[in-house]
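Chemist: These are the residues of each chain, in order.
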Amino acid sequence: KAGVTQTPRYLIKTRGQQVTLSCSPISGHRSVSWYQQTPGQGLQFLFEYFSETQRNKGNFPGRFSGRQFSNSRSEMNVSTLELGDSALYLCASRTKELAGEGPYEQYFGPGTRLTVT
Amino acid sequence: LAKTTQPISMDSYEGQEVNITCSHNNIATNDYITWYQQFPSQGPRFIIQGYKTKVTNEVASLFIPADRKSSTLSLPRVSLSDTAVYYCLVGSGYSTLTFGKGTMLLVSP
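Chains as they are written, first to last, in our numbering: chain A, 1 to 117; chain B, 1001 to 1109.
If you're looking for bench data, these hints aren't it; they were derived computationally from the structure.
Incorrect hints may appear among the rest.
[To be verified] Pairs of lysine-lysine residues, derived as PhoX-like cross-links and limited to a Cα-Cα distance of at most 25 Å, are as follows:
| # | chain 1 | residue 1 | chain 2 | residue 2 |
| --- | --- | --- | --- | --- |
| 1 | B | K1054 | B | K1069 |
| 2 | A | K57 | B | K1101 |
| 3 | B | K1069 | B | K1003 |
| 4 | B | K1052 | A | K57 |
| 5 | B | K1003 | B | K1052 |
| 6 | B | K1101 | B | K1003 |
[Claimed, not checked] Negatives, chain A to chain B, calculated, CB over 12 Å:
| # | residue |
| --- | --- |
| 7 | T14 |
| 8 | Q17 |
| 9 | R55 |
| 10 | G62 |
| 11 | N77 |
| 12 | T117 |
We put the beta carbon where it would ideally sit given N, CA and C, even for glycine.
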C-alpha cells in the first residue's frame, strides 16, 4: 500500500504570495492532519480533517487554511506569506480500523519544504 | 491535553541500551502513551504505544509504572542509525497528537 504523499516536495515563494500544498493520505484513511515544523518551535499542529470536516485546529492565524476532498485528499493554503512561514510542512493520515483503543497511529508523509524569501 | 516533559538531548555509544524517560503528570484515565521517532527532513514514525506495565515490540520496549505519570522508552543495543529525535505523546482515539520538543539522541561509534 502506498504511503502518504505530499506535493510539491520543495517550494520557494516570495513574501506576500500565497501557496497551496497537497497531501494524499494512505488509501482508506479518512483523517488527515497538517503540522508545521521549524527549528525554533518544533512540530506544531495546524489542523485535522476527517471526512471533509475540520475536526481540530491549532493556534495559527487565519492565513493558514485547509480543506479535504471527498477522496480524502487534502490541501493546505497559506496566504500573504511571511518570512516566518518558512518551514517543513508535514501531512499525516490515520484510521481507527487498524488501531485498538489508543490514539490511532499517524503515518507521516515526507513533507514539503517551504522557503519564503 | 496532558503535557509531556522529556530530556532535550542524550548521548550514547553503539551497542549500549538507551532509556529515555518522559513525564506526563496530568495523564487522563483513557490516555495511552505513544512514542515516535524522527530523522532529519522526514516525518515522524510510530515506534511503540502502551497503556500500563510493559510493552515490547521488535524495535523497543516501553515501561509504564502503576501511577502512569511517567514512561520509559528503552532501545536495546543502539546503532548509529538510531540517531534521531524521539517524541513522547499522550492521548486516545482521535485526540490531537501534540508533539513537544522531543529528545535528540546522538549515537556515537
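Chemist: Determine for every hint whether it applies to the structure shown.
Modeler: Checked hints:
1. K1054/B <-> K1069/B: Given pair K1054/B, K1069/B holds - Cα atoms ~14 Å apart, limit 25 Å.
2. K57/A <-> K1101/B: Holds, at roughly 19 Å.
3. K1069/B <-> K1003/B: holds, 11 Å
4. K1052/B <-> K57/A: Violated. K1052/B to K57/A sits at ~29 Å, over the 25 Å cutoff.
5. K1003/B <-> K1052/B: holds, 18 Å
6. K1101/B <-> K1003/B: It holds: about 11 Å lies between the C-alpha atoms, which stays within 25 Å.
7. T14: Non-interface label on T14/A holds, nearest chain B Cβ at 23 Å vs cutoff 12 Å.
8. Q17: Holds, since 23 Å exceeds 12 Å.
9. R55: violated, 7 Å
10. G62: holds, 19 Å
11. N77: N77/A clear of chain B: closest Cβ-Cβ about 20 Å, beyond 12 Å.
12. T117: Non-interface label on T117/A holds, nearest chain B Cβ at 19 Å vs cutoff 12 Å.
Hints 4, 9 from the earlier list are contradicted by this structure; the remaining hints agree with it.
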